[in-house]
Amino acid sequence: KQEVTQIPAALSVPEGENLVLNCSFTDSAIYNLQWFRQDPGKGLTSLLLIQSSQREQTSGRLNASLDKSSGRSTLYIAASQPGDSATYLCAVISGGSYIPTFGRGTSLIVHP
Amino acid sequence: DVKVTQSSRYLVKRTGEKVFLECVQDMDHENMFWYRQDPGLGLRLIYFSYDVKMKEKGDIPEGYSVSREKKERFSLILESASTNQTSMYLCATGGSYEQYFGPGTRLTVT
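Each protein sequence line maps, in turn, to chains A and B. The opening position of the first sequence corresponds to residue 1 in the numbering used here, with each subsequent residue numbered one higher. The opening position of the second sequence corresponds to residue 1 in the numbering used here, with each subsequent residue numbered one higher.
In isolation and in its complexed conformation, chain B is listed as follows (with noise of 0.2 Å):
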């Protein structure tokens, strides 16, 4: 079974923290994706990776950055939190055109 894990499943931070979030891969995938999911507006990508060192901006990416050192690893790193970025952040990892999640990390910055 594939397997994708994230680093946190609850985070509070501060506005203006630099945060971190990790996902890892077991499954040897070349593509690595990061979405957001809020209420009301569905699952947005903020950025994917196809490869290592590889990245391409998704539909938000404005106030993220991304890092892939190694192939099973995917970083998301807000520079400096701010309150609108409050959300459920997934996860995804993908193959033959089929995606797995991982738990997902709720992110909450005061």
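Isolated chain A (complex conformation) (with noise of 0.2 Å):
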């Protein structure tokens, strides 16, 4: 069964910081990997999308990547903003279903 981590699962860095958000997986056969922002009472709205024969996907100041074979993704913010504050998740889905796993996400505070 897929399971899903990411760490940290809450990080706090000034204005202006390079981050990084890891999430993790046990089952390397994957179809996809999609990256998630979650802002308080609110659903989760799609950032990026990794395909599997893909190693990265960049959308202005983010910047995602996929190693299948360790199991691993990476969430890269740049020049981070107060506005930037949010839970970030990632969710896989595996080899065989369309349903995807979740990680529990990573709670994000940008400070002026």
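Any given hint could be a false lead.
[Claimed, not checked] Covered by chain A, per the in silico footprint, the following chain B stretches (three or more residues, Cβ under 8 Å): (1) 76 to 84; (2) 99 to 106.
[Unchecked claim] Partner residues are not named here, just some residues of chain B that face chain A (Cβ under 10 Å, in silico): (3) V2; (4) Q6; (5) F33; (6) Y35; (7) F48; (8) Y50; (9) E56; (10) M88; (11) L90; (12) A92.
[What the hints assert, rightly or not] Pulled from the structure, derived: some chain A residues nowhere near chain B, Cβ distances all over 10 Å: (13) G16; (14) N18; (15) L19; (16) N22; (17) D27; (18) P82.
No lab work stands behind these hints: they were computed from the structure. Just so you know, even glycine gets a beta-carbon here, dropped at the ideal spot from N, CA and C.
Two chains, two frames, a set of hints: combine them into the complex.
Next comes the structure, spelled out in structure tokens:
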């Protein structure tokens, strides 16, 4: 059974820092990995989708990488801003299923 | 852009009431999902549907049922609401293995 772990569970950084959020999964036979952002009391917003044949995806200040062999993905946020404060979740869809497995998320606070 | 809407953002119901949560998507996706999210427990799958009138139980289906009469609409039903069903409920839809979420419904059962 696929398990997804996100470390750290919480992170507090000053504005302007570059930071890395980690997502690890136990079964490397995945179709894709998706990163989401969730603001308090809101739904999940899709940030980046990496398909199994890809190594990375970029959107603005965000860059997500995927290393299937080691069961890891990282979300890199450049020049963090207070507006980046949110919970970031990763989800993996494994081979043979269209049901994603979610991590518990990393709660990020960027303070001015 | 994919749009997923949920019938209510906030809902307060009494114990024992029958509760309907509705979700509508505009992307013609086959797959639709209902999750609940609680602090410290993460996202948990209640039910999912891969086609009209088709449904499968997720990890925590007890106390819930679902209905999918049309492709774009997936309803979650709490047959007799209880206080332990107070939670954030999230609907999602998926096409080619990518998920899109609605804004969520914060349900409080008193």
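So, going through the hints one by one against the coordinates:
no., hint, verdict
1, 76 to 84, "violated (count 0)"
2, 99 to 106, "holds (count 7)"
3, V2, "holds, 9 Å"
4, Q6, "holds, 8 Å"
5, F33, "holds, 8 Å"
6, Y35, "holds, 9 Å"
7, F48, "holds, 6 Å"
8, Y50, "holds, 7 Å"
9, E56, "holds, 9 Å"
10, M88, "holds, 8 Å"
11, L90, "holds, 6 Å"
12, A92, "holds, 8 Å"
13, G16, "holds, 30 Å"
14, N18, "holds, 27 Å"
15, L19, "holds, 22 Å"
16, N22, "holds, 16 Å"
17, D27, "holds, 15 Å"
18, P82, "holds, 22 Å"
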